[in-house]
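Got chain A; can you put chain B on it based on the hints?
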Amino acid sequence: AQSVTQPDIHITVSEGASLELRCNYSYGATPYLFWYVQSPGQGLQLLLKYFSGDTLVQGIKGFEAEFKRSQSSFNLRKPSVHWSDAAEYFCAVGLLVGGSQGNLIFGKGTKLSVKP
Amino acid sequence: DVKVTQSSRYLVKRTGEKVFLECVQDMDHENMFWYRQDPGLGLRLIYFSYDVKMKEKGDIPEGYSVSREKKERFSLILESASTNQTSMYLCASTQGRYGYTFGSGTRLTVV
Chain A
296 AQSVTQPDIH ITVSEGASLE LRCNYSYGAT PYLFWYVQSP GQGLQLLLKY FSGDTLVQGI
356 KGFEAEFKRS QSSFNLRKPS VHWSDAAEYF CAVGLLVGGS QGNLIFGKGT KLSVKP
Chain B
3 DVKVTQSSRY LVKRTGEKVF LECVQDMDHE NMFWYRQDPG LGLRLIYFSY DVKMKEKGDI
63 PEGYSVSREK KERFSLILES ASTNQTSMYL CASTQGRYGY TFGSGTRLTV V
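Top line first, the protein sequences correspond to chains A and B. Residues 296 to 411 in the numbering used here are what the first sequence lists, from first letter to last. Residues 3 to 113 in the numbering used here are what the second sequence lists, from first letter to last.
Excised from the complex, chain A in its bound form (with noise of 0.2 Å):
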């Protein structure tokens, strides 16, 4: 069955320092990989996707995600976290039904706090 693991519940980091949240996952099938972020009493918001090609992903608000097939992993980074990153971080592997996006399923999240 499709998993994803987020090993990391918390990491605090300080502000201007980088950044590294893991993700692992389970998929049969080359997946397809997302990265969310959820601010407090916030919905989810697309940070980046991975679908095929260059295995480095650019996302928005400087984020990063670097896919490695042979580690079944999609790490997300940044090279200097702001006080405004601080927030939920969501891993997802998407699977497709019929050739659109069907289900994603989710890791459990990582919170991160950053430390002025």
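Derived from the structure by calculation, the hints contain no laboratory data. Incorrect hints may appear among the rest.
To be verified - DEER-style ranges, computed between Cβ atoms:
1) A/Pro335 with B/Lys5: 17 to 23 Å
2) A/Gly357 with B/Ser9: 32 to 38 Å
3) B/Gly42 with A/Glu359: 26 to 32 Å
Claimed, not checked - For the chain A half of the interface with chain B, some residues (derived, Cβ under 8 Å), not all of them:
4) Gln337
5) Lys344
6) Asn398
7) Lys403
Here a beta-carbon is modelled for each residue, glycine too, at the ideal position from N, C-alpha and C.
This is chain B only, laid out in the frame that chain A set:
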């Protein structure tokens, strides 16, 4: 930009009430989804729909039903609300390979 609108941000209902959560999207998406989100459990899929009048059960459909009479609207129904249905409910829509667009969520409290 695609907009997904959930009619209420906060709701308080009594145990046993029938509760309707409404979700409307404005981009003619075929696929719509309802999730609930609970601390430590992440997002869990309740129901989804790939077309008008079509619905499929997700991982936790018990105690819920859905209605999709028009393409843009996907309603989640709690037939008889219970306290264990207190949660954040998130609606999403998608078309093709663009990822989900989420609504802002409805925080439901059942007392």
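Quick rundown of the hints versus the structure:
The hint said 17 to 23 Å for the Cβ distance between proline 335 of chain A and lysine 5 of chain B, and at roughly 21 Å that hint holds. Distance hint check for glycine 357 of chain A and serine 9 of chain B: the Cβ-Cβ separation is about 34 Å, which falls inside the suggested range of 32 to 38 Å. Checked against the given bound of 26 to 32 Å, the beta carbons of glycine 42 of chain B and glutamate 359 of chain A, roughly 28 Å apart, stay inside it. Given the 8 Å rule on beta carbons, the hint for glutamine 337 of chain A holds: about 6 Å separates it from the nearest Cβ of chain B.
The beta carbon of lysine 344 of chain A comes within 5 Å of a beta carbon in chain B, closer than 8 Å, and the hint placing it at the interface holds. A hinted interface residue such as asparagine 398 of chain A counts as satisfied when its beta carbon comes closer than 8 Å to some beta carbon of chain B; here the least separation is about 6 Å, so the hint holds. For lysine 403 of chain A, the shortest C-beta to C-beta distance to chain B is roughly 4 Å, which falls under 8 Å, so the interface hint holds.
Every hint, counting from the list given before, is met by this structure.
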